[in-house]
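S.K.: Assemble the dimeric complex from its two separately framed chains, guided by the hints.
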Amino acid sequence: MNDADKFIIRKAVLELAKTGTPRFTSIDDDVRNLPKVNSKTINLWDYVTAIGAQLSRPPYDPYRETISLDISIGRKKSRKVSLNIPLIIYGNIAIHPSSLEAVHLALNRLAEKGNVLGLISEIDINTTNNNNRKYPLFKKVSFYKNDSLEHYQKSCPEGLVLEYKDQDSLRMLQNFRKEFDGPILVDVSEVFPLYIKTILEEGADGIIVDTDKVTKKESYKGKHAIAVIYDARNAINDYYKGREENDNDNNAILIIAGDVNSAGKIVKAAALGANVVGYSTSMLIAHSNMYSEKPSDASSIAENVYRHMVGTKGEIKGIPAALGYSDFHNLSPSDLRTSSIDASLQGNIPLEGVDRTYKEMIEEIVNEYVREKGIKLNSLEIQQILRFMVRE
Amino acid sequence: MPYSKDILELKRHLLRAAESSNSYFDLTKLIVDVRKINDSEIPYSGLGARSPNDYFPSIKIIGSKLKTKENDDDYTISNNIDTRFTLGGRYSTNIITSDVPFFVSGMSYGSLKLPAKIALHLALNRLAKEGIKVIMNTGEGGALPWELYGSEESWSDVSKKRHENILSYADRLLKEHNLESIDRDSLFCRLYPLITQYASGRFWKDPSYLLNADGIEIKIGQGAKIGHGGLLPGPKVTDLVAENRGIPSYKAAHSPSRHLDILGPEDLVAKILELREITDWRIPIIVKVGCSRVYDDIEIILKSYADAASIDGFVGGTGAAPWELRDIIGINTIPSLKPAREAIANYYSTDKADEFRLIVHGSVWDSDRIAKCIALGANGVGIGTGFLLSMGCTLVQDCYTNVCPAGLTGSYEKLDIQTSVNGIVNYVKGTLLELKNIAGSVGRKSIHDLRRKDLVSTDELTSLICGLPLVNGSTFTDQLKEMVNTVIDKREEV
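Protein chains in written order, with this note's numbering: chain G, 35 to 426; chain W, 107 to 600.
So here's chain W without its partners, still in its complex pose (with noise of 0.2 Å):
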């Protein structure tokens, strides 16, 4: 954010004042209290936490053995390498296929701005025709008339009328952004699968949100926030996106923080009967939870009608939330996956497990992460800064203000769409290829086929939560046998 001259002389003179006392204060954060001093608001921050310990660097991949080949094929040729991700049919009738284990996690339109929804869009639509179909999830603030009426079956059932509000709201968002040149026929068509978000801030008011989806996922929390509704602070609520979402313009968008029809187990099951039944049981329902308590969450959701469980950890981004909310609350994404596993494995008493998919999101961007995340038992990984990094952005964290100095999430008339739609391409592209690198390289035939036993940790903490076997090979738990062996032997010599 680019501060005011007094708010950073105030910081000048906070930061004088604590260092000439003698107490401790956290140098960091100065930032924080100056803005609280300069409007008694509670101060947002965007994108993710920082997590001192986020596991991953402490856990490597290890290369393959002889042993472990399962044939002569070279897996290294990436061809031969499967890397697709299927979601639904535990429950839905329809199955969702995407070429890649990754996807777009929920980005709203309100919270990105339009140019940068577009280039996904177009990135997404030009990966497919190229034959690698990339998930897309909406966010919570509703979707793009494109995104909902981008095939000729969507169309069916409209009416003259609505057809050509939804065609007048398409031309005004064009218009506002300086996109009119862009060709209509190309943009009303969605070529790769769309999830669309439903939070409980219900920012939608056309059924088709949900009818003209390739999957609902229900949004409990998130891991940025857990605990707090979405929010979109008041200056990013412009007329349009106001419009999108059915509530006043100019005025933050403050969702509540839980839904107010799902309050326990029992409500969770007659939310989801009650979208099966409007989707006619043919759309895969994911329920998304902040990490937290892992295993009791994933164990209402797996007996809930849910087709799948998504958890984003404590380095989840957002578009906004207080930034101290941020900084405290969850846990983070490698130690909530192995409780996660457990809750499905406790529940299926048979190999059916693997019905039930585990999407994990949260400090993961890219294969070697993405990677780590699917040999612990995740089944897909979203993904939202790593796209956003690949369409320019710089990390500057002010996504919660309409000041952004790649033109993503403000300031949207610096963003070059044909730049960006290339970034996300070549970054789906270059990931795409590295996974099935390490696929190969440790012998395996699909990246899914990637287990525990094909990881080991750098350092005892990483290794008492997650399970994994040393670098020297020997787990933690042998370690400390080993000592109970020695006091033992020792006894004997005394």
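Isolated chain G, as found in the complex (with noise of 0.2 Å):
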């Protein structure tokens, strides 16, 4: 409930209980034609929901029984690197290296409570305990200043992430390829939603896209961090259409960044196509510290970070078991609903109470009409009239 919410509440209701005499406006009238917010600042995702389960699957209860959120990395060719949280703490936040050590602090002391999280890192952590690393790392390789894989293979990390940005990029993925046994990611941001197959043929493990990036781009001007989600997983599922390693353990996965920052925005993009998220959240509470008058020492930080995903990890938890799964990986589309047409245009998400996509509503309309009046159109035709009802 925001503030505009609140007071419309109040105003239907106050000046009832005052006089208990009938009002003379409709306060919601008055509010609610407001100019309309700049469609800019509309978030997609409050208008996103996902239906819970009731009597027709029964909910789980996440304080008495299982919930898994387990997550293994790693094609079937590769070294596998598991998961308890299905979350990998990567942003574009320029830290401190201080600030990186207490994530790193916090990461070790979730590993030891069995809660093993992964992070993306492109600079080494500034720690003498980097050795007892618990928590799997994969080092950002930046093709820029070094592509030999010895350099980066010195903190020994559990996998790679390389950023793609031209045919080099692939070159150098197919020679790391050769010689790395575990995950390499490929973040597409910069050319999505270009290359997907390809990169995949070459054998990387995972793919990562960065919403916020992708966003920006000319190509996705307007478009919302939903139709990215969705337009990525439909790339990785076309890759493995009619493929006979089509296999959901071993399948490349998909890795969502950017604006998937609480634990509604996880479950919406796991529902979406996500299998991991780039969290980005634990590495700004860190960084938050730099702006304490008194800033704490790294292992105070690390405290703030543990705690913080300890809650998370909570809320991970129970939305899934209330929409009646046990895995968190069993999250689907169609647990989705929206109150947006441009919602279901861009996550293709269906409408709420309807149950169908926008798009299946309006060709269910159009075609049933054209077959009432018996009018003949070309395909051709009535693509036009869905791509105007669409506004494609």
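Hints in this document: simulated from the structure, not taken from any laboratory.
In this text, a Cβ means the ideal position worked out from N, Cα and C, and glycines have one as well.
The reader is advised that the hints may include incorrect statements.
[Claimed, not checked] A few chain G positions that, by computed beta-carbon distances, are all more than 10 Å from chain W:
1) I105
2) P227
3) R277
4) R371
5) I399
[What the hints assert, rightly or not] Using 25 Å as the maximum straight-line C-alpha spacing, the simulated SDA-like pairs for lysine to any residue come out as follows:
6) W:K587 to G:D376
7) G:K40 to W:N591
8) G:K407 to W:N591
9) G:K407 to W:D584
10) G:K250 to W:D584
11) G:K45 to W:D584
12) G:K250 to W:N591
13) W:K166 to G:P56
M.R.: Next up, the structure:
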């Protein structure tokens, strides 16, 4: 409930409670008809909800039953890396090495308690305890600085992250793939939605897409993160279509980073097709210490990151359970509904109440009318009508 | 919640870090992150979720025209308009009658503090004396002694010792809240119909909870936390609340997310038959679900010997719910009405559909919204937040704590019972008058005669989802067909 909503409810009830006589106007109309919010500021995430489990599908109980969040990264030929929470700390925040050390300490502590999640880092962790790392590290490769695998293997990472920019990146992927047996994840944000098939053919174990970066590109202007996740999942599914190697346990994974920084968004992203979320909030928490008048030491900041992650884990276990799943990774697009035409079009999400996407409804109405009237439209004309109606 | 200095400082630092980073962060929810940093717990919130589109403002009620007037009576004279709501009779022998089509949604003792519960009790009694009976739902935390033993006959089978225990508990309740001056005779008098809630926590230990009620609501879920059991945070489980619920004090009461003996449609039938046997088939039984797979859930309820179904939309309120879970699960009330009505229409091949009642909750707090729900197919409407507001709620949404600026869900000493009673009475009377005005203006003798044809929508999504015409009279489907014709015409021109 935001302030505008509270204003509407209060105005609606308080006058009645005070006077006991009918009101003169409906405040709903006055407030709701204010100039529409600029579409750029509308966050489509808010218009997407999930459908919970009730009578027709009983919910699980996260306080009394086990809800699995486990996932392993790595295709058939690669060494697998397992996570107990489907999150990898990753973000575009340029943080101080001491903040990174705090994240490292927090991840170690989480791993000690059986909560293993990953870290993607370009810089080496400045700590004497690096040898005692208990969580998987994905070393980000900076092609322009050094392209030798040996250089990146100094910190003994479990996996590598390669930023795909051009054909040289492809060559590097091919070279690394020959020598590195751990998972190689490729960040395709700069070239998205191109080259995903090629990258997967060259043996990448996962695709990373940063929704913030993609939605700033000209080709995704006006689109939301949900459109990016939908397109990314489709691109990976297209690669696997008809392939013998299609096996959920060994397929390449989709990692979505960017505008996915709350438990609700993590669940929505997972339902739309993300396997793992590149989570930047932990880095932000570590980084926020820099703004304190009395900065704390790495250990205290690590405690903050740790506590935040424990709370987040509780949240992301509770939501799939309430949707009727004992495994987080069983979430699917069919669990989502939307109250926005835009969200339905961008993420192919069914509208609430009718359980069909906006596009499906339009197609249904047009096809039925054409059939009923015996009108013969060619496929081009039908496409023309549909495109017009779905605002493409 | 009055956050500590440490929490606010953490929030300030996080905000500065978020603003300085190039990434997008949902700044409105930074407090959720800060609270997790503070105690590593799942953050809770109170009242309902925020829906950016709850459809109500996009629906308009169209006034009466000459042709819709059924005869020469002037229905705008409020006394001529029927607003009664009945519940039961499908399988129960008793029928509950209310003089208004809205009632008090389940808000339990524990979630609400005692003075607020007493204010509701006294206000509904006063309204009943004035000829306006309003139904009250107890919520899942058990009923208070005067709610269950509010009539002479309710004491008839009670042993002397039990009688003493009940009065002693009532005395302790009143004493703890400094309300000993309340007259016991007027307190132990209930003139309004009471529905007790049968939830997965089974927080009651006295069979009178079922036997002395006028109706039973089996709560499968609620709109604010669909798929999650009821929740009362530890600090709110005081000794007397714990005694009423039969649970340990000061430990969070997490109800199971599902009834352990209701895992499917057959179990629901068995449970309802069990309750029917216990209550000798007298009492109407309602099954309440949160809005999600509405068609499927209503279909199951229809086949289960229930008298009514209750659906609770996304914005439905709560005393405490995990913040993120509340904001992500469920669908809005308005889009739920169509599948609910379709399930009822498909079940009944004859006109008997009227014997099954559909009650809706969530984002309904005034006459305009009640009328729209009824026109779209609801028989009755449950209101929670509206009643809280009429008692002085300031919508701070800290209902999960023991601190409430209005004294409703915490800080009980702040609540002035008499002012709250007046607020509730005025709210009910004012809403009732408005409902009569609406029905009269549309030319209907009864509020339940409002129909879908009395509504128009102002946007295409609402038209598509509710099947309502747009303000220009055509439906969105009509507009699509027109578009097809235009394409054909253009082809012919070429």
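S.K.: State for each hint whether it applies.
M.R.: Verification of the supplied hints:
no., hint, result
1, I105, "20 Å, holds"
2, P227, "20 Å, holds"
3, R277, "34 Å, holds"
4, R371, "5 Å, violated"
5, I399, "5 Å, violated"
6, W:K587 to G:D376, "22 Å, holds"
7, G:K40 to W:N591, "45 Å, violated"
8, G:K407 to W:N591, "10 Å, holds"
9, G:K407 to W:D584, "14 Å, holds"
10, G:K250 to W:D584, "38 Å, violated"
11, G:K45 to W:D584, "37 Å, violated"
12, G:K250 to W:N591, "39 Å, violated"
13, W:K166 to G:P56, "18 Å, holds"
Against the hints set out earlier in the document, violations occur for numbers 4, 5, 7, 10, 11, 12.
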